[in-house]
Structures are given as structure tokens and as C-alpha cells.
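Asks: Chains R and H, in that order, give the protein sequences.
The letter at position 248 of the first sequence is residue 233 when you use the working numbering, and the numbering goes up by one with no holes.
Basically the working numbering = 1-based index in the second sequence + 83.
The reader is advised that the hints may include incorrect statements.
[To be verified] Stretch by stretch, here's where chain H covers chain R in the computed footprint (C-beta under 8 Å, at least three residues):
1. 176 to 186
2. 190 to 199
3. 262 to 272
4. 278 to 291
5. 385 to 399
[As the list claims (entries may be wrong)] Here are a few chain R residues that face chain H, going by a calculated C-beta distance under 10 Å:
6. I206
7. I222
8. S226
9. E227
10. L228
11. P341
[Unchecked claim] Beta-carbon label-pair distances, calculated as ranges:
12. R:P194 to H:H136: 27 to 37 Å
13. H:R148 to R:Q219: 36 to 46 Å
14. H:P640 to R:A160: 44 to 54 Å
15. R:K215 to H:R148: 43 to 53 Å
Derived by calculation from the structure, the hints in this document are not laboratory data.
Just so it is clear, CB atoms sit at the ideal spot from N, CA and C, and this is done for glycine as well.
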Amino acid sequence: MGVMGRVVAADDSLQEKLTALAKGCSFQIGLLIGQNTSEKDIVVHLAPTPVPDEGDLSSEEEEAVPSPRHEANKPKFPDSIPKVVESTVSQHARQVVRMLPGGLDIIGVYVVTPLADFTTSTSQSKLRSILAATHKTTSRILLETAETKTEKVIIHVCTQSFKIVCKTLDISATASSTQENADLKFQRGGSKWQQLSYAYNISLNFWLPKDKPSQSLYKTIISLIKPWAKSVTQSLILIDSELPDDEEPLDSTVEEKPTKKKGGNRGLMEFVPPKAYKVEILDPCIPVLPSSGLTEMSGSIRLSGTLAGLAFVHSKATVGEARAAVLVDLVRSVVSRWEMHCDSLVEEPPSHLIGPIIHEPPRRVFLEGGGLPVSLCDYLFPGDSCADACQSAKELLGLKIRKEHVDDSQETLADASEVMCHGDISVGSAEELEAQGGSREGPCSSTQLLLVLAVAAVGVGVSFVSLQGSQVLT
Amino acid sequence: MRVAASAQLVERLRSQTEALEGDIYGLVPECGKPSAVAMALLARGEGQEDMGHTPALLLPPPMTRLGVFKVTEGDATCPELEDGEVCAVWDQRAVVWYSGGGGGVEVEVEVFGATQVHALFGVAKVAFTLELWCRHAARDSTPSPSPSPTPGPATHATRGNAAALCEELDTAAACFRLRGGRLMLHSGDGGGGVLCGGEAGVGAGDTAGGVFFKAAGGKKKGGGGAGGGGGGVQQEVAFQLVYNRSAVVGEGGVAAPVVRVDNCESSVVCAAVSGEAVAYLDKSGGVGQLGGLLAEAVAGQVRLAEHWLALQRGRPELRGPLTALATLPQAAGHLLALVYPAGVEEEALRGYRAAVHRALVFPRDRPMVRRANALTPAPGTRPSALVCPHAALAPPGVGGRVSVVQGGYAYYHYQQGKMDDKGWGCAYRSLQTIVSWYQLQGYTARPVPSHRAIQQCLVDIGDKPVDMVGSRRWIGSTEVGFVLETLFGVHSRFLCVSSGAELAGRAADLAHHFDTQGTPIMVGGGVLAHTLLGVAWDEATQHATAFLVLDPHYTGPDDTQTVTAKGGVAWKQPDFWKTDAFYNLCMPQTQPCI
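Produce the complete structure using the sequences and hints provided.
Replies: Written as C-alpha cells, this is what we have:
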């Protein structure tokens, strides 16, 4: 045995699952979902990578996804590591990371394949590039506000010997490309978790300078959100209405050893429900306006609403770790929605419209159960139902979640008419619309009407509505 | 009704010679004794036009209108008063106070010195940064069908976020974090509350005085906490504005975020306003209401900033970030809230300042509302030297009239700032103390010069050879005068006496200096240099009975207790000055300016 490697902890049930996979199939690759802590890495779930549907592609231009369609010779399901397409895994990661509350990450991959396939140098370098592609995808969503750990976990289970091996690999450019042995520990009952939930009122106003070349809506918004995301990292958080220091343990009772119950109900170990905290995020008001002075603007963008957030940290986490997990969740949730919204747009909304256009990104729902000690999340477009969230949990995570375990009450669909007419901080107001459209009697009511019609007509998929001046109706 | 008035307000009234009317503003203490403290005068119709906003915005909360004042040429009758209003009439003979409705009843008004005001009120500061914008739609609103007889208000086509910011400040989202502490207040629930009680578990019902100022007098001045004990010194507490993005604001559920895109061309003026807002903190008031008060203070600065933003559209030279600050000029006796465009020279803002002086019935001969007057200097601009250590001294204990330095100064002495100047630096230190006076009164924004800078200045004007720089050579009163003149444009008068005894005989001259100029005096001559801060004298004999001396030779920590205990500042007998030595006094003058 060489030097002691990193400790990777997982629940007993994952061992059974891995063994079952090795017995049941010839090849599988998937993502390891868990948490990196300073002491160890914790694996919570194995998410098998599906083969992507043909239409299931990203709209991001920078990620040139080699579409499987053009590689007709390739088998639909890879049967060995070298045949895995990196982008298939990274696309999977891109979708999975959106479903993770703060604190949870894609910490590596697992492969179910014969030892002979795993050990070849082609396979090894393939795994490295899969991990690198996955890392890139899951980091991008953080808008450079946080670092994702570059030391990744690889779990291999051999389809012949059913032996489980755990390695770590640092995919940063400077690190050596050799895998290190890691110490995989299966624990009964797994790790204990602490849950942090919060709400965040977002209200961002951006101006679009006239002299700036126009970009895609996706890029525009992402570049506007970036300074906000950066300022978010400076936020303070209150935990159950206290303002503790970053170094303090989140759970101050953590030192006390839990007294073991006598007699015990061995057999079924039930998950201890995570200790729950209510978090408030305090924004120190770091200016995000790029300039001062007089600027000619071609328009404005306003992002507003209340998002529901959730994060999980391990039982010994410090307040600082909790804070980081919450803030990652916040940034990731805002960016995820926008990505998903833009992916869903069939075409760029016309820019010549005078009236405002309301974009309705999907709202967040939370998923419980599926045998996991932590909750997950998903985003529902207008028109989607909780069943859709169950469906994506099944496709992307291999999880069976009951419809009743989808909590869609934390965020509600925005009343777009309110966004249209509410005059508070918004750039234009009802009176201004009125001035533009010329309609005197109740621009609000006619707006609402138009919205209802628009939503009904476009149905699922298109989630922006526009108001082209209310004269159409009068 | 027991009403008090600040000494400065009475002084200001008494200095008026022409007919004038206006409003009296002040504070209403929670304790009820007195029922109100009159502090500020706002002359009706003065300055508003040049300022472009209502002058009352310059008065921090919770200052409120108490009544009216009148300056007449001999008519002491009381104008019509509402119930509960007070009125002060200065008829060139006496200040007469009235109260109540009807014809008004003449009342006794107690004159409060700074000490009495400080005993009732502390100062709460809030550091904040907010972004303001204001836009003009390029497409004009619908052309009016008929030319309206009166042009609409100028704000019609203009929209900004100032009102929305003020509205948000009035919700539980606006929070105030005690600097260096865990206490967090909010301004929701109709007036404010405690979001997070911190280590001490502060509750909304605790009094502000008990929470923030209970530290004993001997304790070291904390960064944001209480400054000094009661002792007649102004006590301050500092907060930072943060926004609770998780606060439940408004009714209705939580609607998921949406994005609204407007493709409407417009020209937008943006500016960040950052700095400080202040409020008077009633020591007997509850901490619970403080959040609302602080929010009001910030909202006041936002409204002032909005005014500057409107000017920035038409005047490119005013564009750029805005600075919010507070001043507490000696002659005012109360706090002022101010906003200025950060990048603009003081000279260019003179017109605005003049309007402020007129509106607030301030003397027109000294800076009171410059940025250099700021209550809280920008970090690093002012050294940590102790300000006004003499304020902690008991009166000299001898008879006669007392005249002392007016306004703040910083105590410079040997071995400060890692500069070992023991044995040669006393006159340099005295000069630094003088410069700090000009700085603290807002006459200059230039830094206090180092020993080296002082020497370089003397070399530059040809007074000293080049090797002076970096040397340990003494300087005297004349050199102090040269440097003040060269670096700060300050003229000095010089007073030479041949002995200490003769100096005591020039008490009237010295008293006149302190009464009219108010600057510290550098005493040089045959022996050691000292800084003279005041004189007590017998008007009958015209002789000094005591001198208030600030000793630049002091070595020790910069805290008031040690300084006063070790005689760094003390009232000295006239025999402090040697009978066999000559003295040359550099008496720096002030020039009328605002």
C-alpha cells in the first residue's frame, strides 16, 4: 500500500447498488453526486449518463456539441470507456448540476466495466478528458464566483470480479495525470446532513448602452448578471437570525456524541432527517453599475422576483462552508433558469418591439425521497407539472420520485401583468405605457387580457410574452 | 413646557441685524426633560432657489420643526403661533421666547451647551453605497393635442429610482449592521426592529444609550462603538447599510424571477452615491426604533443625491459619483447632512455652499459645509492623533474671563507616527497641531505635513539650505509662519515679548485672538516651543491668571486620560513662562471664506 489517499465516504446502499450494476450490465458510466469537504469527499448518489435525445442540445454557441447524429456509425450506447463521447457526459452534467441544491456537486464519475477496459491508457486519458469536460461545464454556471474542486473521484466496479476501486485524479493543467488511490469507506446510514433554506428577492436593473454591439439574449443577460454574482460572494448570511463567524461550526452541538439507543432497530436504518436552518442573505450593496455620467441607452433589462433556495452541508460544516454552499446555490439557480429559458427559446425574440417583453424562466421545485438523504431540485416551465420533474429525475438521475414528493409551492409563477404594470422600480411604468400606447382607459386590464391570450396561444415551450402597445386592443 | 435652545442658535440669532423670519428646528427628547431642544434656524425664502432643494433636507433626522423665529428691529411682539409651537424673537435687545397658541406666552428658555446636548443625544452614522439613475425617454411622450397653458412639471418625462430606493429603505429589507458587531437592526414593522440581537441579545426595548454607550469612560475608543464615556463628549455609533434579500417584503406570494426587456431608447444619468448618513440618537429611546431612523437618514441623503443627479444631466462638469457626508460645525452646534459631486473642486461648489449658509443663518466667514468639514474623514486622510484633549479638563479654577481655541484640533506631540523627534521636533508638532485645526474646520483638505515636508518647504522658499531636509534642526515661530503661509495660505500675526511676565500682561490680546480667530497659537522664542490653546484673565488687571497649554514634548499614548494625567494639556500658572526668556508667538489668522 502506498500513501494513504483521500477518504471517500458513501452509504452502504451504494455498495449494493454498484455490485448490482456490475452483475447486471456490461458497461455503464455515470456521475458521482456528493460533497467535497476538507476532510473527505462524500458520495450521495450515482446518476447514470443517458444517451442524449437528438433534440436535447444546448443553445450555447460556445459549447460546440458534436452531435451524435453526425456520427452515425457510433453505437447508441457505448460499450467501453474509449467509446464514450465526452460531451455526452458533460451535457448530462450540465443538466444534472441544475438539479443540485447548494453544497452538492458532481464530484466525479463512476464506471462499470471490466478491469481490462478500465486500465488501458486510452481509457485513462479518456476518463481524464471526460472529467475535464464535466468540470468545465459545471464550473461555468458559477460565473467565476466560486472554485470547483479539481480533484475528482473515480469509482470503478469490475463487471467480472465485482471489485470496487476508488481513485482520485486532479484534472487541473498543472497536476500530474496519474490517478491516486483513494480510501472508499461505506458507512451504514451514510453521512448526516444539515439543510439550509432561504428565499432571495432579486431585483436587478440593467441598461443596454446604445454603442454596444447587440448579443444574443443569453449572452447579454449572463454578462449583466456577472457583476451581481460577484457581489453576491460578499454577502453576509444570518442563520436562524444570528450572525455567526465563518469559523464557527454551523451546528454548535456537534461536539456532543449522540447517545446510542439501546436495543436498536437494526435492519432498516432510517435516514435521520437533516437538521434544518433558516438562512437570510444580506447584501452589502456593492455597486454594480459600470459607469456614471450620461449614457445613451437602447433599452433596459430588469430581472426581478423571489427565488427559493436550498443547500446542504455535512454535519461538521462550519458557518463559512454553509455560507459558500448557500451562495453557490443562489448563483447557480439564477443562471440555471436563464440557461434553461434560453435553451427553450425557438428563436430570439424580436428586438424591434417597443413594448416590453416579459421572459418567464422556469420556476424552481424541490424533490424529496428517492432514497436520498438530501433533496434535489428541478425547474418547471409554465405549463409543466410536477410529473415532469419526476420524469427528469428518472431520466437524468435514475431516481424514482413520487409526484407527491415534488414541492412546487416554494415558488409560484409570476403574474406577468403585474410585472408589466407595476411601476415601482421598473424602468417603465403603467403611465408610461399609457403614454406610448395612447390608451386611456385601464391599460392594466387590457394588458392582462393580452397576456392570458398570449400564454394560452403559445402553450408550453415559449415562455416570453410581449406587449406591443395596447392600441391593438382598443 | 420646558424648552432648551443650543448656545449656538442663540448666538446666531443675536448676530442678526436685519429683519429675518423662518423656522426653528430641533430635537424632541424621549425623556421629556426638556421637552424640546431648539438647534437650527431655517430662514424662510433664503437659499432654496440656489440650492434647488428644500433646505430642511440638510437637517438629519429626527430633527423636526419646533416653531418659528423672527429678527426685528425693535419689535418683540409674538407672531401667531400654533399650539405647541415655540417662537424666538430677537429685537436687537434680547432674545424673547414664546410658546403655544393664541397670543403666545412668554417662556423661559434654558440655553444648552454642547455638553448638555451630548448628554441627551449621541450620533448614529450609517455608511452606505447606493446607485441612482434617472432617465429621459428619447421618444417623447405623446405630443399633447393642444398646447397646454402651463408646461408640465419638469419631471414628467424623467424617471429615476430615487423614490423606489426611499420606499425600499422603509421596509424590513433595509438593515443596519453595527460596525464590528453582530447587532443588526431593520427598518420594517413601521419604524424598525432588531433583526439580530448579537452577542448581548439586544432587544427592541433596550435603550440606545444603554446598548451603545454603556462602556466606561476609561475604555479605549472603539472603531465603531462608543467613543469615550459620558463626560460631555459627543458619543458616536457606526452602522453599515445592508439589504436583507430574504426579507418578506410586501404582501402576496413569492413569484419566481422574471426578466423584462424594454427596447425603449433613452438617455440615462447614473451615479453611485456613497458615504455617510447621520441621525441623532436619543439615548433614552428604544433600540427598536433606531432602524427606522437610520433608514430615514439614508433616504434624506438619497433625496439630496437625486437633486445633484438632476443637475448632472445638464451640467457635464458635475457628473460622476456623489459623496454623502455629514458635518458638525462648531458655529452650527448641530449636524448637517450633505451630498456633493465627488470629483468637483470646492471652488466650483461655492455658490451652493453660500446658499446653505444663507438658508441656515450661518456666519458667512468660515467653512462649515465643505467636504473638508466632514464628520468622518475618508480613511487615511486624517491621522489618529487625539482631538481636543482639553475638553476633558476642569475649568482653570481661577477667576476671570476664559477664552479658548474654537473648534477642533488634533494633539501632535513627540514620537508620534514612528517619528522619533524627541529633543528637536516640538515646533514641528506645534505647527502640525495648527494645521490640524485648519483641516478640522474645513479650511484645507491638504494633509498635515510631515517633518520632512516642513523642512522641504523651508528649503523651497529659500529660507533654509538644502541640507535642512532630513536634519534634526529646530525651527521657530517665524518658520512656522512661513510654512503656514506657503503651504496653506494662512497669514499669521506675531507677538514678541521679552519675558514671561510680559506675556501675562498681553492677556487681552491673546483673548482677542481666541475670540476672533480661534486658532491654536505656537509659542516659540528663547526656549522650548509650546502650543497655546487658551487664556484666563482678569479684565480689571488685564493680566492672565492661567494659560491653557498643549505640550508638544509629551511622550505617551494618545488617550485623553493619560494625556491629561501626565500634563500633556493643562491649565498653567502665569509663572509657567520663564521671566528671563523672550517669547515669540505665531498667531495664525483666518480669512473669511465659506
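Asks: All hints are to be evaluated individually against the structure, with a verdict given for each.
Replies: Status of the hints after comparison with the structure:
no. : hint                         : verdict
1   : 176 to 186                   : holds (count 4)
2   : 190 to 199                   : holds (count 3)
3   : 262 to 272                   : holds (count 9)
4   : 278 to 291                   : holds (count 14)
5   : 385 to 399                   : holds (count 5)
6   : I206                         : holds (7 Å)
7   : I222                         : holds (9 Å)
8   : S226                         : holds (5 Å)
9   : E227                         : holds (6 Å)
10  : L228                         : holds (4 Å)
11  : P341                         : holds (5 Å)
12  : R:P194 to H:H136: 27 to 37 Å : holds (30 Å)
13  : H:R148 to R:Q219: 36 to 46 Å : holds (40 Å)
14  : H:P640 to R:A160: 44 to 54 Å : holds (52 Å)
15  : R:K215 to H:R148: 43 to 53 Å : holds (45 Å)
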